[in-house]
Amino acid sequence: MLQSTVAGLTSGGAYALLGVCAVLMYRMVGVVHFAQAAVATFGTLVAAELFHDGTPIAAAAAIGVAIGAGLSLLLGAVMAIWFAQAPIEVRSTVAIAMLLGLLTVGSRLFSGSPREMPDPFPGAAFRIGDAVVTTSALVVIAFTVALAAGVGLLLARTRFGVLVRAQSERPVTAELLGIRVRALSVAVWTGVGAAATFGVFVVAPTRPSDFTSLSLLILPGLAAALIGLFRHVWVALTGGLAIGLAEGLLTHFGSVSAYRQVIPFAVVLVVLLWSQRREVWDVAR
Amino acid sequence: MGRRAFPLVAAGMAAVALALTACGSADEEPSSSQAATADAATASSEQAEASGAPIEVGGLASLTGPFPFPDATKAAAAVFEEVNAAGGVNGHPIEYHVEDDKGDPAVATQAARSLIQQQDVVGLVSGASLLECAVNAPFYQQSGTRDVTGIGTSPQCFSTPNIAPVNTGPFAGITVSMYYASEELGHDKVCVIGNQPDGWNDALTAAVDRWSQLSGLEPAMVDFGLNATDDLTPFLLRAVKAGCQALVLEDVDFQTIAAVKAVDTQGIEGMDLLPLTTSYSEQVAEALANSKAINSGAIRLFANSEFEPFTGDSPANEEWRALMEKHDIPLTSTAQGDYIAAKAFIAALETIEGEPTREAVGEALENLTSFETPMMGVPYAFGPGDAHNPNQASKFVQLKDGAWEVVTPDWIVLPQD
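Protein chains in written order, with the working numbering: chain Y, 1 to 285; chain X, 1001 to 1417.
Warning: the hint list may mix true and false statements.
For the chain X half of the interface with chain Y, some residues (derived, Cβ under 7 angstroms), not all of them [said to hold, decoys possible]:
id : residue
1  : LEU1214
2  : SER1215
3  : GLY1216
4  : GLU1218
5  : ALA1220
6  : ASP1223
7  : ALA1228
8  : THR1229
9  : PRO1234
10 : PHE1254
11 : ILE1257
12 : ALA1258
13 : SER1291
Don't read these hints as lab results, they were simulated from the structure. Quick caveat: nothing in here was measured; it's all calculated off a predicted structure. Note that beta-carbon positions come from the ideal geometry of N, C-alpha and C, so glycine has one too.
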């Protein structure tokens, strides 16, 4: 049982990373970024193709991350140019459209033959009893923690952070004050895109690596972000890990194993009910 | 601010889930349904040897869509082209109309109606599709049309009166793989995990039960709850816990690769993995060439080949290989299925003495109870009956040093109960 649960750690790490990215995107540029994992998958599969054609793994990874970042930059630019003043619902709907577009293009480009996924951190890091903790799980989790801590410091302590907060909370005021709002938000898109691509690149070898499957990592990722109420990075991180571990645990029990994919949806439902529990009267009135 | 996101996320997740089911329609591009008819038709008019009225034959396959088989029906078209060049069937050229179902049930329904009602085809030689049988089986029955399918997938391909696939299929595939594991590899603890598309449950369970009856053993673990996006590690760990000596994987090639990766990472030893025939491809061999577990012999990876294994240079495949190379068609098991289907269909046509009408073709196929081909372990048969799964055999290949090696020179044939 411990074994199966711990085996969920790699998935959990990926969910946590995507959850943290979702919270960051929501807080910093005001969008529920449905296409995050698809962007990252795009970069990852480009890296896999390069690796397959003989590029050394580090170079392939670097180019893949750059592609993920570049694609994210493009999407960020679209958002900043045409949907800068749009309400968050509209911006998030645009993100869904981006996801569908990427799914179509991605499954066309990368469809067909399965490839060996380059594994930058192969093997087991250590064992707890029988249970193997993989190196890639550790790397992703450590990276997510560093990302959460780093962005926290960046927002709180640096001038860049203050500017980002300003453009996120009062975009028009910030723009009137002479802050280059568009450039800032595109920079955030690019940075988060790079981080997500790195994460997906690291966990991809352990999963079925077709375009759609990897892009769908966003669903548990968003569930994790929701556990953090799209506000608390650390709660989202913990939530992502918890979802992964719970999936691993449920697989252990044959009878309920089939329902484990429901977890993210169940989590969304419970968090929705819980977070709205005091608002019933407001709505009723 | 955070709370505005909640309904949005819920709605968005639902939208994404919906969109995925609709992917087929988002994915498709306008494709000419007539494209593949040209070859056969031109060949016949140029040769002018086949002078009779053309025999209209239809074919449905997922050439595009979410699970595309872009090369499906090409091999059948090549066979028909050769036949036409040699004078057709009893002087009649064959005109092969191929429709793309785009992996979309609505399109599959329309395409079948267009073929049967407008093109007035006398029978079908269909290619690979995940939904063609499920959607159209009742209509075939109603219209008296019979379909010799190259690669059947869903349960309806193997359990309805008017469809008789050439391939072993996933269900007999599970049974024969488990049978090979217990009878040939000598394992008592045989397990199976796999995906379960809608409506597959009964057929999957029946396949495992059939093995139990044949072997007198109970499976040590069965879980058809795998999903396309799953990390396979927890499943494999459960299999280890259950003591599985052989694990049959009813999966797709991407999942097989992920499973072997998980075996490598977890250091699992002493288990035989037997994915179904979908993993038997050059690409999978190449992708797993560096697997520690396979190369060190910690685990063995087998797959069933539903036809004479195409990776070797077996003489049984000689004619097929020559035709594929001539027409520049990739050497895959899909092409083998289409080729045999077309050959069997022609064998039936040749027995017809009068006009080759739909009824006459139906009768000829009912009488086709033994079509011999060295590419299959048992003769192909359409025959009468309410369900057809004639191919009850497989050969097994094992991955060694990055290449597939045939380990059963003789066919493993499931005993008939």
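For each hint, the structure was consulted:
1. LEU1214: violated (24 angstroms)
2. SER1215: Interface hint status for X/SER1215: violated (21 angstroms vs cutoff 7 angstroms).
3. GLY1216: Result: violated, 23 angstroms to nearest chain Y Cβ.
4. GLU1218: With Cβ-Cβ at 14 angstroms, over 7 angstroms, it is violated.
5. ALA1220: violated (11 angstroms)
6. ASP1223: At about 6 angstroms, which falls below the 7 angstroms cut-off, the nearest Cβ of chain Y leaves the hint on X/ASP1223 intact, so it holds.
7. ALA1228: holds (5 angstroms)
8. THR1229: Since the shortest Cβ distance to chain Y is 4 angstroms, the answer is holds.
9. PRO1234: holds (4 angstroms)
10. PHE1254: holds (4 angstroms)
11. ILE1257: With a minimum Cβ separation of about 5 angstroms from chain Y (threshold 7 angstroms), the hint on X/ILE1257 holds.
12. ALA1258: holds (5 angstroms)
13. SER1291: violated (9 angstroms)
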